[in-house]
Amino acid sequence: MGGMVLAVEHALARLRRMHVIRFFEEAAAEAWFAGKVRGSVHQSIGQEAVAVGICEGLRRDDWLASNHRGHGHAIAKGADPRAMMLELYGRRGGTCGGKGGSMHIADFSVGMLGANGVVGDGVTLALGAAHAAVIQGQDRIAAAMFGDGAMNRGPLLEALNWSAAIALPILLVCEDNHYSATTRTADVTAGPGPIARAEAFGLYAESVDGNDLDAVIEASTRVAARVRETRGPVFLHCRTYRWRGHFAPDKGAYRDPEEHARLMANDPIARYAAVLAAAGVEAGAIARVEEEARAEIAAHVADAEAAPWPEEREAFTDVQDLGAPDELARWVVA
Amino acid sequence: MSEMTYADAARLALQQEMIRDPSVWALGEDLGPEGGVAGQYRGLQQMFGSRRVVDTPISENAIMGAAVGAAICGTRPVAELRFADFALCAADEVINQAAKIRYMFDGQARVPLVARMAIGFRTGIAAQHSQSNEAFWVHVPGLVVVAPATPADNHALLKAAIRCDDPVVYMESKELWQFRGEVDPDAPPAELGRAERLVSGSDVTIVTWSRMRHVCEAAAATLAGEGVRADLFDLRTLWPWDQEAVLGSVRRTGRLLVVHEAVRTGGFGAEIVAEVTEALFAELKAPPMRLAGPRAPTPFSKPLEDLHRVTEPMVVGAAHELVRRG
Numbered sequence: 001m002g003g004m005v006l007a008v009e010h011a012l013a014r015l016r017r018m019h020v021i022r023f024f025e026e027a028a029a030e031a032w033f034a035g036k037v038r039g040s041v042h043q044s045i046g047q048e049a050v051a052v053g054i055c056e057g058l059r060r061d062d063w064l065a066s067n068h069r070g071h072g073h074a075i076a077k078g079a080d081p082r083a084m085m086l087e088l089y090g091r092r093g094g095t096c097g098g099k100g101g102s103m104h105i106a107d108f109s110v111g112m113l114g115a116n117g118v119v120g121d122g123v124t125l126a127l128g129a130a131h132a133a134v135i136q137g138q139d140r141i142a143a144a145m146f147g148d149g150a151m152n153r154g155p156l157l158e159a160l161n162w163s164a165a166i167a168l169p170i171l172l173v174c175e176d177n178h179y180s181a182t183t184r185t186a187d188v189t190a191g192p193g194p195i196a197r198a199e200a201f202g203l204y205a206e207s208v209d210g211n212d213l214d215a216v217i218e219a220s221t222r223v224a225a226r227v228r229e230t231r232g233p234v235f236l237h238c239r240t241y242r243w244r245g246h247f248a249p250d251k252g253a254y255r256d257p258e259e260h261a262r263l264m265a266n267d268p269i270a271r272y273a274a275v276l277a278a279a280g281v282e283a284g285a286i287a288r289v290e291e292e293a294r295a296e297i298a299a300h301v302a303d304a305e306a307a308p309w310p311e312e313r314e315a316f317t318d319v320q321d322l323g324a325p326d327e328l329a330r331w332v333v334a
Numbered sequence: 001m002s003e004m005t006y007a008d009a010a011r012l013a014l015q016q017e018m019i020r021d022p023s024v025w026a027l028g029e030d031l032g033p034e035g036g037v038a039g040q041y042r043g044l045q046q047m048f049g050s051r052r053v054v055d056t057p058i059s060e061n062a063i064m065g066a067a068v069g070a071a072i073c074g075t076r077p078v079a080e081l082r083f084a085d086f087a088l089c090a091a092d093e094v095i096n097q098a099a100k101i102r103y104m105f106d107g108q109a110r111v112p113l114v115a116r117m118a119i120g121f122r123t124g125i126a127a128q129h130s131q132s133n134e135a136f137w138v139h140v141p142g143l144v145v146v147a148p149a150t151p152a153d154n155h156a157l158l159k160a161a162i163r164c165d166d167p168v169v170y171m172e173s174k175e176l177w178q179f180r181g182e183v184d185p186d187a188p189p190a191e192l193g194r195a196e197r198l199v200s201g202s203d204v205t206i207v208t209w210s211r212m213r214h215v216c217e218a219a220a221a222t223l224a225g226e227g228v229r230a231d232l233f234d235l236r237t238l239w240p241w242d243q244e245a246v247l248g249s250v251r252r253t254g255r256l257l258v259v260h261e262a263v264r265t266g267g268f269g270a271e272i273v274a275e276v277t278e279a280l281f282a283e284l285k286a287p288p289m290r291l292a293g294p295r296a297p298t299p300f301s302k303p304l305e306d307l308h309r310v311t312e313p314m315v316v317g318a319a320h321e322l323v324r325r326g
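Protein chains in written order, with our numbering: chain P, 1 to 334; chain G, 1 to 326.
Hints were generated in silico from the structure; no laboratory data involved.
The model shown is predicted, which means the values in this text are computed figures rather than measured ones.
Among the clues, some could well be false.
Label pairs and their computed distance ranges (CB to CB) [as the list claims (entries may be wrong)]:
{"no.": "1", "chain 1": "G", "residue 1": "R309", "chain 2": "P", "residue 2": "A253", "range": "55 to 61 Å"}
{"no.": "2", "chain 1": "G", "residue 1": "T123", "chain 2": "P", "residue 2": "A165", "range": "29 to 35 Å"}
{"no.": "3", "chain 1": "G", "residue 1": "E321", "chain 2": "P", "residue 2": "P308", "range": "42 to 48 Å"}
{"no.": "4", "chain 1": "P", "residue 1": "E311", "chain 2": "G", "residue 2": "A279", "range": "25 to 31 Å"}
{"no.": "5", "chain 1": "P", "residue 1": "A165", "chain 2": "G", "residue 2": "G107", "range": "33 to 39 Å"}
{"no.": "6", "chain 1": "P", "residue 1": "R313", "chain 2": "G", "residue 2": "A279", "range": "20 to 26 Å"}
{"no.": "7", "chain 1": "G", "residue 1": "H320", "chain 2": "P", "residue 2": "R313", "range": "47 to 53 Å"}
{"no.": "8", "chain 1": "G", "residue 1": "Q128", "chain 2": "P", "residue 2": "E312", "range": "40 to 46 Å"}
{"no.": "9", "chain 1": "G", "residue 1": "G107", "chain 2": "P", "residue 2": "A253", "range": "38 to 44 Å"}
{"no.": "10", "chain 1": "G", "residue 1": "A279", "chain 2": "P", "residue 2": "E312", "range": "21 to 27 Å"}
{"no.": "11", "chain 1": "P", "residue 1": "V5", "chain 2": "G", "residue 2": "G107", "range": "39 to 45 Å"}
{"no.": "12", "chain 1": "G", "residue 1": "H308", "chain 2": "P", "residue 2": "Q138", "range": "47 to 53 Å"}
Covered, in the sense of this in silico footprint (three residues per stretch, anywhere, with C-beta under 8 Å from a C-beta of chain G), are these stretches of chain P [what the hints assert, rightly or not]:
{"no.": "13", "region": "122 to 136"}
{"no.": "14", "region": "251 to 265"}
Positions of the beta carbon are idealized from the N, C-alpha and C atoms, including for glycine.
Construct all of the structure, not just a fragment, from the sequences and the given hints.
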């Protein structure tokens with residue numbers, strides 16, 4: 001009975017985390033349209049089960065390198081959503097002190113090596129994280145999250161070969177949402193798909209329904225253990241769908257409305273809530289985690305709007321130790 | 001002290017650093033059995049194993065990306081990119097990742113790596129293997145740029161680069177690989193950002209680095225015989241560069257000549273001349289002068305390549321010209 005209660009609590013925590021990601025993304029877009037958040041905001045609405053499911057398979061001290069659509073990955077890895085919201089607002093107390101913004105959220109305290117503004121680059125960073133684990137004799141592994149669009153970038157193809165040829169403890173996760181920015185990936189991609197590409201490099205590869213949280217957790221837990229034990233790479237293809245456009249102002253008008261409606265109906269959060277309901281979790285508890293997540297994000301937004309701007313000197317700090325721009329700082333901040 | 005080549009001096013420095021610090025490692029093409037393009041890694045894989053001296057595929061993006069990832073996860077990689085021309089294949093990882101990560105992430109991580117990329121001419125390897133592109137890298141905030149000119153410096157500066165917490169672009173001169181000189185194997189790491197004054201004089205300040213150091217040394221000796229006393233500096237580090245030494249010298253001489261192998265237009269000499277002119281305009285006796293390469297790709301044919309070289313007589317002539325002007 002105790003185990004059962006614990007399992008329900010864990011399941012509700014996962015559901016809550018997916019809600020936190022979705023409310024975070026919705027709030028970020030809203031703030032962007034209101035002119036309160038600047039720059040690019042790439043939302044991952046519809047892909048929450050991939051982020052949460054993959055991180056369920058990882059340890060806290062495993063490394064995770066993300067991409068430009070990385071809010072969900074960071075939250076799932078354990079980054080503080082409040083600090084992340086402050087970061088999007090460019091405020092003091094943000095995950096990166098307001099110096100990185102949406103595309104550069106990193107939290108090394110939870111093994112989150114950063115979102116990345118360059119498609120595919122996180123994957124080669126993860127290779128290096130895996131090398132570091134090998135050199136330091138650690139049993140941690142590295143994971144990289146990248147999209148189907150990144151499968152056409154040179155660094156990623158180099159990394160697929162490298163991970164297998166040098167045999168590194170790395171989990172390569174292709175989060176396939178069908179779109180390379182605003183172009184349908186299938187329209188610009190040759191060959192039978194990501195799995196075939198990975199297998200051509202000699203990688204062990206699996207594909208999973210990325211909108212089925214339990215399936216993603218099962219797969220990621222199993223393949224992460226395989227990576228940890230064999231100290232070799234695994235490629236995991238997660239089939240999902242991006243509900244919104246490439247970034248906040250993109251309405252995604254290039255998409256086929258019928259297909260869009262069909263794929264939107266396959267909501268990973270609603271699916272998981274239904275799984276819990278069918279397993280006998282009471283409706284009140286399911287509704288409660290959603291409301292908690294909504295209230296949490298609303299509080300973060302309020303905090304972000306009230307938070308102070310970074311100190312002026314921060315514009316010039318942490319460039320480098322040698323030859324740092326003291327001169328410039330002297331002009332601007334007397 | 002022992003005499004050795006410039007390439008062996010770098011090999012010794014890396015070996016010593018790998019013994020001293022187990023987090024130091026190297027990755028790149030042909031490092032193992034081949035020992036690197038100039039033997040600068042010879043024997044190290046046998047000594048430290050294939051996990052710490054990693055032979056990689058010809059994948060510059062992954063070499064540099066992996067170096068960045070490993071650097072932010074607690075190790076000190078030395079990434080071998082062979083020639084500075086090939087390093088451009090990994091310019092994204094050097095510029096967008098290595099140089100920016102510490103700043104973007106608010107100092108959560110340092111990126112202590114060395115990106116080795118040799119510059120300069122070498123026996124007719126022509127346009128895609130000969131470029132001196134150091135000014136590109138100096139332009140990028142976050143990077144340190146080092147260009148050693150002697151075996152002793154290639155030893156002491158490489159040690160310093162490996163211990164530096166900033167990402168270091170380390171530019172050896174290909175034509176100096178076999179250049180021999182005295183090296184103190186126990187020498188401490190050099191201070192990055194400190195120029196070396198090779199000759200003291202009060203008539204003209206000559207600033208140079210890398211292979212041109214040797215051309216300028218010969219020129220300074222000739223000039224001394226002709227009554228012009230040069231104050232000659234090898235910068236050794238281009239970012240940060242030793243402004244204190246150069247400004248102090250020009251304050252005394254009132255004349256500045258900058259000599260480099262790289263293309264003159266947009267070359268690092270332009271930055272030095274600009275800084276000196278801004279700081280010391282009223283004290284200059286003559287307009288500062290740059291002697292550098294033509295704005296053309298490096299040709300293959302020897303007589304043509306020779307026409308791209310800044311030579312000792314050119315340096316001597318330029319110094320005389322500066323003195324004549326005021």
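- [ ] Could you say whether the range 47 to 53 Å given as a hint is met by the Cβ separation of H308/G and Q138/P?
- [x] holds, 50 Å
- [ ] Given the range 38 to 44 Å, decide if the beta-carbon distance of G107/G to A253/P lies inside it.
- [x] For A253/P against G107/G, whose Cβ atoms are near 41 Å apart, the range 38 to 44 Å holds.
TODO: Return holds or violated for the Cβ distance of E311/P and A279/G against the range 25 to 31 Å.
DONE: Roughly 30 Å apart at Cβ, these two residues keep to the hinted range, so it holds.
Task: R313/P and H320/G - C-beta distance against the hinted 47 to 53 Å - done: holds, 48 Å
Open item on the list: For the hint 42 to 48 Å, verify it against the beta carbon of E321/G and that of P308/P.
Closed with: About 58 Å separates the Cβ atoms of E321/G and P308/P, which means 42 to 48 Å is violated.
- [ ] Confirm or reject the claim that V5/P and G107/G have a C-beta distance inside 39 to 45 Å.
- [x] The hinted range 39 to 45 Å holds for V5/P and G107/G, with Cβ atoms some 43 Å apart.
Open item on the list: The hint says 40 to 46 Å between Q128/G and E312/P; measuring C-beta to C-beta, is that right?
Closed with: Check passed, 45 Å falls within 40 to 46 Å.
- [ ] Kindly confirm whether 29 to 35 Å is satisfied by the beta carbon distance between T123/G and A165/P.
- [x] holds, 32 Å
Task: Hint check for A279/G and R313/P - Cβ pair distance inside 20 to 26 Å - done: For A279/G against R313/P, whose Cβ atoms are near 25 Å apart, the range 20 to 26 Å holds.
TODO: Can you let me know if the beta-carbon spacing of A279/G and E312/P is within 21 to 27 Å?
DONE: holds, 26 Å
TODO: Confirm or reject the claim that A165/P and G107/G have a C-beta distance inside 33 to 39 Å.
DONE: holds, 34 Å
- [ ] Check, residue by residue, whether the region 122 to 136 of chain P contains three or more positions whose beta-carbon lies closer than 8 Å to a beta-carbon of chain G, and give the verdict.
- [x] That given contact holds, which follows from 14 residues of the region 122 to 136 of chain P lying within Cβ reach (below 8 Å) of chain G.
In summary, the structure is inconsistent with hints 3, 14 from the numbered list given earlier, while agreeing with the others.
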